[in-house]
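Q: Going down the list, the sequences are from chains A and B.
The numbers in the UniProt record's numbering rise by one with no breaks, and the one at position 141 of the first sequence is 141.
The numbers in the UniProt record's numbering rise by one with no breaks, and the one at position 207 of the second sequence is 207.
Take these hints with a grain of salt, some might be off.
Stated by the list, open to error - A few chain A residues that don't get close to chain B, going by computed Cβ distances all over 12 Å:
(1) Lys81
(2) Arg154
(3) Val245
(4) Val252
(5) Gly274
Stated by the list, open to error - The calculated lysine to any residue pairs, modelled on SDA-like cross-linking and capped at a C-alpha distance of 20 Å, are:
(6) A:Lys86 - A:Phe159
(7) B:Lys91 - A:Ala356
(8) B:Lys139 - A:Ser123
(9) B:Lys104 - A:Leu338
(10) B:Lys62 - A:Ile344
(11) B:Lys91 - A:Glu346
(12) B:Lys62 - B:Ser72
(13) B:Lys104 - A:Phe339
(14) B:Lys91 - A:Val353
(15) B:Lys104 - A:Glu346
(16) B:Lys185 - A:Leu111
(17) B:Lys139 - A:Phe130
(18) B:Lys185 - A:Gly41
(19) B:Lys185 - A:Pro114
(20) B:Lys139 - A:Ala131
(21) B:Lys62 - A:Gly348
No wet-lab data here; the hints were simulated from the structure.
Even for Gly, the Cβ is constructed at its ideal location relative to N, Cα and C.
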Amino acid sequence: MKRVVYREWRIAPERYWSLLGFLAALIGVAALSFGYMEHEGHWVSGMNNSVVWGMPHVFAVFLIVAASGALNIASIGSVFKKPIYKPLGRLSGLLAVAMLMGGLLVLVMDLGRPERLIVAMTSYNFSSIFAWNIFLYTGFMVIVIAYLWSMADRKGGPFNYSIGLFALVWRLALTTGTGSIFGFLVARQAYDAAILGPMFVALSFAYGLAVFMLVLLFSFDEEGRPIGPRLMRRLRNLLALFIGVALYFTLVYHLTNLYIAENDSLEHWLLLSGGIYTFLFWVGWILAGSLIPMWILYHPVLSQQRDWIIGACALVIVGGFAAMYVIIIGSQAFPMALFPGHTIIESGFADGVNGAAAAYWPTIPEILLGLGGVAMALLITAVGVRVLQFLPESLADDVVAPDEETLDAPPFAKPA
Amino acid sequence: MNEDKTTTPVDSGRRGFLGTAAGVSAAALVAPGVFLHSVAAAPRTEAVTDAVRWGLLIDTAKCADGCSACVSACERENGLDLQEPHSATSKWEQQQAAWIRKVKLQDNQTGRITNLPMMCQHCEDPPCVDVCPTGASFKRADGIVMVDRHLCIGCRYCMMACPYKARSFIHQPLTGQLTAVPRGKGCVESCNLCVHRRDNGEDSTACVDACAAEGHGAILFGDLKDPNSAISQRLREIPSRQIREDLVLNTGVRYAGV
Numbered sequence: 001m002k003r004v005v006y007r008e009w010r011i012a013p014e015r016y017w018s019l020l021g022f023l024a025a026l027i028g029v030a031a032l033s034f035g036y037m038e039h040e041g042h043w044v045s046g047m048n049n050s051v052v053w054g055m056p057h058v059f060a061v062f063l064i065v066a067a068s069g070a071l072n073i074a075s076i077g078s079v080f081k082k083p084i085y086k087p088l089g090r091l092s093g094l095l096a097v098a099m100l101m102g103g104l105l106v107l108v109m110d111l112g113r114p115e116r117l118i119v120a121m122t123s124y125n126f127s128s129i130f131a132w133n134i135f136l137y138t139g140f141m142v143i144v145i146a147y148l149w150s151m152a153d154r155k156g157g158p159f160n161y162s163i164g165l166f167a168l169v170w171r172l173a174l175t176t177g178t179g180s181i182f183g184f185l186v187a188r189q190a191y192d193a194a195i196l197g198p199m200f201v202a203l204s205f206a207y208g209l210a211v212f213m214l215v216l217l218f219s220f221d222e223e224g225r226p227i228g229p230r231l232m233r234r235l236r237n238l239l240a241l242f243i244g245v246a247l248y249f250t251l252v253y254h255l256t257n258l259y260i261a262e263n264d265s266l267e268h269w270l271l272l273s274g275g276i277y278t279f280l281f282w283v284g285w286i287l288a289g290s291l292i293p294m295w296i297l298y299h300p301v302l303s304q305q306r307d308w309i310i311g312a313c314a315l316v317i318v319g320g321f322a323a324m325y326v327i328i329i330g331s332q333a334f335p336m337a338l339f340p341g342h343t344i345i346e347s348g349f350a351d352g353v354n355g356a357a358a359a360y361w362p363t364i365p366e367i368l369l370g371l372g373g374v375a376m377a378l379l380i381t382a383v384g385v386r387v388l389q390f391l392p393e394s395l396a397d398d399v400v401a402p403d404e405e406t407l408d409a410p411p412f413a414k415p416a
Numbered sequence: 001m002n003e004d005k006t007t008t009p010v011d012s013g014r015r016g017f018l019g020t021a022a023g024v025s026a027a028a029l030v031a032p033g034v035f036l037h038s039v040a041a042a043p044r045t046e047a048v049t050d051a052v053r054w055g056l057l058i059d060t061a062k063c064a065d066g067c068s069a070c071v072s073a074c075e076r077e078n079g080l081d082l083q084e085p086h087s088a089t090s091k092w093e094q095q096q097a098a099w100i101r102k103v104k105l106q107d108n109q110t111g112r113i114t115n116l117p118m119m120c121q122h123c124e125d126p127p128c129v130d131v132c133p134t135g136a137s138f139k140r141a142d143g144i145v146m147v148d149r150h151l152c153i154g155c156r157y158c159m160m161a162c163p164y165k166a167r168s169f170i171h172q173p174l175t176g177q178l179t180a181v182p183r184g185k186g187c188v189e190s191c192n193l194c195v196h197r198r199d200n201g202e203d204s205t206a207c208v209d210a211c212a213a214e215g216h217g218a219i220l221f222g223d224l225k226d227p228n229s230a231i232s233q234r235l236r237e238i239p240s241r242q243i244r245e246d247l248v249l250n251t252g253v254r255y256a257g258v
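From just these sequences and the hints, can you work out the full model?
A: Shown next, in the form of C-alpha cells:
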C-alpha cells in the first residue's frame with residue numbers, strides 16, 4: 001500500500017469551464033424561474049390548496065436526503081475504521097455539503113415569502129420539526145466542514161474520529177428529522193407513520209451512495225485517474241446492500257398499511273389505481289430504482305462492467321426521484337379521510353369528490369427551479385475539487401488499503 | 001409690575017383657545033398612531049383572555065341542500081370575493097382561497113345524505129400551530145386559531161398538517177384588500193371566526209348571520225365556556241360530535257347529525 005496523495009482536479013481548462021458554464025446556465029435559468037414564480041405568485045405553478053408541496057420539494061428533499069447519505073462513505077472510513085474508504089472521505093464530505101446547499105436553496109426559493117427568510121431565522125417555534133431542521137441543516141454544514149478540516153489538515157487528525165462520530169450521529173438525526181416532516185403529520189393517511197424517519201435514513205444510504213459513485217467515476221474518468229477493481233467491488237456491493245435495505249423499509253411500510261383496514265383504500269389507490277402515482281411507484285421506485293440496479297450489481301458479468309455500474313447508479317437516482325414524487329405528491333393527492341364511512345359527493349373545495357385524487361401537474365418553472373438546485377450542488381462540487389485537494393490521485397488496487405478482514409487471517413493454504 | 005400682573009383679570013377665552021389649540025395639535029400628532037384607530041372602531045382595549053372560548057355548533061339537519069349563503073357571506077365579509085381568477089377555471093378552483101365550503105356527504109352503508117359547512121375547526125391542540133416553524137400559525141387565548149401574516153413565510157407546512165383542509169394559500173398578487181382583513185400573496189390563511197367582529201365586540205359571524213337570514217339557523221356561534229350561552233345550552237340538549245374525533249384535537253366547531 002502506498003501513501004494516498006490528493007490532488008486538485010486538473011482537467012483541461014476548456015472542458016472545465018464549459019462544464020462550469022453549463023451548470024451556471026442551469027442555475028441562471030433556475031434563478032429566472034424563481035423570479036417568475038415569486039413575482040407572479042404560485043398560481044403559475046401546478047401547486048394548489050390540495051397539493052401544497054410540488055416539484056421543488058421533490059428536488060429539495062431528494063437532495064437533502066442524498067446529502068446525508070453521501071456522508072456515509074466518510075463515516076465508514078473514519079468511524080467504522082475501514083481504511084479502504086479513507087481516501088474517499090474528502091469527496092464524501094464535499095458532496096454532502098454541496099447537495100445540502102442545493103436542496104436548501106430550492107426549498108427556500110419556493111417559499112411564498114422568500115424575502116422573510118430572516119423571520120425563519122429569528123422567530124422559532126420549537127414544537128415544529130421544521131424549526132428543528134433549520135438547526136439540523138445549518139449544524140450539519142458546520143460539522144461537515146470541521147470534519148473535512150480534520151481529514152485534510154495534519155492538526156485536525158487527532159479530532160478526526162470524534163468529529164466523524166458526531167457527524168454520523170448528526171446526519172442520522174438530520175435524515176430522521178427530514179422523514180419526520182412527513183411522519184409527524186396525523187392529517188394524511190400516507191404520512192402519520194413513525195417508520196418514515198428510519199425509511200428516509202435507508203433511502204438516503206442508497207441515493208447518497210449512487211450520487212457519490214457517479215461523481216467519483218465521472219471525475220476520475222475525465223482526468224484518467226485509476227480506480228481499481230477492489231474498490232469498485234466494495235462500492236458496488238455496498239450500493240446493492242443499501243438498495244436492499246431501502247426496499248425492506250418500503251415493503252414494511254406498505255405491509256403495515258395493508259394490514260390496517262382504514263388504510264386499505266389508500267393502498268388500493270396507490271398500488272393499483274392511482275394513475276401516474278401507481279406507475280411511478282411500480283416502474284420508477286420498485287423496478288427501475290430498486291430491482292433492476294440490484295440485478296445489475298449482483299450480476300456476475302454485468303457487475304464487472306463500469307458502464308453497467310454507472311447505469312445502475314443512474315437508475316437508483318431516477319428511482320429516488322420517483323419515490324420522492326410518490327411520497328411527497330402522491331400522499332397529498334390522495335383525499336383526506338374527513339368523514340370515514342362516507343363518500344363526499346359534492347364539495348366547494350376539492351375534498352376528493354367520489355374519492356377523486358387532487359389534481360397536480362408540475363409546471364416548467366418548478367422543474368427548472370429544482371434542476372437549479374442539482375446544478376448548484378454540482379457546481380459547488382466542481383469548484384471544490386478544482387481548487388482544493390479533495391480527490392486522491394489514484395484508487396488503484398496497489399494504492400488503497402488492503403481488505404482489513406484478511407489482514408489477521410492465517411494463509412488459507414499451508415505452505416508445502 | 002408684579003402687582004399689575006396679579007390684578008389683571010385672566011382672559012379665559014384666550015386661555016381656553018390656547019388650551020384647545022395645544023390639545024388639537026397634540027392629538028393631530030399622536031392620532032395617526034393611536035387615537036384614530038381606537039376612536040373609529042371602538043374595539044376592546046384589553047388583551048384577549050381565556051375566560052371565553054369561541055366556537056360554532058352546526059346542526060346538519062337544518063343545513064339546506066343547494067344553499068351556500070354562509071359561503072357567499074364569508075367571502076363578502078372577508079374580502080375573498082375580491083380575488084381575481086388567474087389560472088384556467090379548473091386550476092383556479094383549486095388555487096383560490098376559501099375559508100368555508102359546503103360539503104355534501106353520503107353514508108356508504110345507508111345512503112343517507114348530509115349537508116354541512118366545513119371551515120377551520122379551531123382545535124384546542126391545533127396541528128397547524130404545532131408544525132409552524134416561525135410561530136405564525138397561532139391560537140389566541142379565546143380559542144381562535146389564525147395566522148400572523150407578518151410572521152408567515154409561506155412554507156405551507158400548516159396546510160400539510162391540517163386534518164380538515166381548512167387552510168388556503170394566496171397564490172396570486174392582490175390589490176384593494178379590506179382593511180379589516182389584511183391579505184397578501186404568498187401567505188396562508190383560514191377562517192378566524194370573523195376575528196375583527198370579536199375585537200369590535202359584535203356577537204356573531206358572517207356565516208351565522210347569513211344562515212339565520214335564510215331562515216335555516218343551522219349555525220350557532222358563542223362562548224363554549226359560558227354554561228348559559230345559547231351554544232352551550234344547545235350542546236347539552238342535542239348529541240354532537242367533532243369531525244375526526246379520533247385525533248383528539250378538541251375542536252371548537254361541533255356538528256350535530258353526522
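Q: Hint by hint, note whether the structure agrees.
A: Here is what the structure says about each hint:
1. Lys81: 38 Å, holds
2. Arg154: The claim holds: Arg154 of chain A sits with its nearest Cβ about 41 Å from chain B, beyond 12 Å.
3. Val245: 27 Å, holds
4. Val252: Non-interface label stands for Val252 of chain A: nearest chain B Cβ at 23 Å, farther than 12 Å.
5. Gly274: Check passes; 18 Å lies beyond 12 Å.
6. A:Lys86 - A:Phe159: 15 Å, holds
7. B:Lys91 - A:Ala356: Holds, at about 15 Å.
8. B:Lys139 - A:Ser123: Within the cut-off at roughly 16 Å; holds.
9. B:Lys104 - A:Leu338: 12 Å, holds
10. B:Lys62 - A:Ile344: 19 Å, holds
11. B:Lys91 - A:Glu346: 17 Å, holds
12. B:Lys62 - B:Ser72: 18 Å, holds
13. B:Lys104 - A:Phe339: With Cα atoms ~11 Å apart, Lys104 of chain B and Phe339 of chain A stay inside 20 Å; holds.
14. B:Lys91 - A:Val353: Between Lys91 of chain B and Val353 of chain A the Cα gap is close to 16 Å, so the pair holds against 20 Å.
15. B:Lys104 - A:Glu346: Satisfied, since the Cα-Cα distance of roughly 5 Å is no more than 20 Å.
16. B:Lys185 - A:Leu111: 11 Å, holds
17. B:Lys139 - A:Phe130: 19 Å, holds
18. B:Lys185 - A:Gly41: Distance of about 6 Å is within 20 Å: holds.
19. B:Lys185 - A:Pro114: 11 Å, holds
20. B:Lys139 - A:Ala131: OK: Lys139 of chain B and Ala131 of chain A at ~18 Å, within 20 Å.
21. B:Lys62 - A:Gly348: The given pair, whose Cα atoms are some 19 Å apart, holds under the 20 Å limit.
The structure agrees with every numbered hint stated previously.
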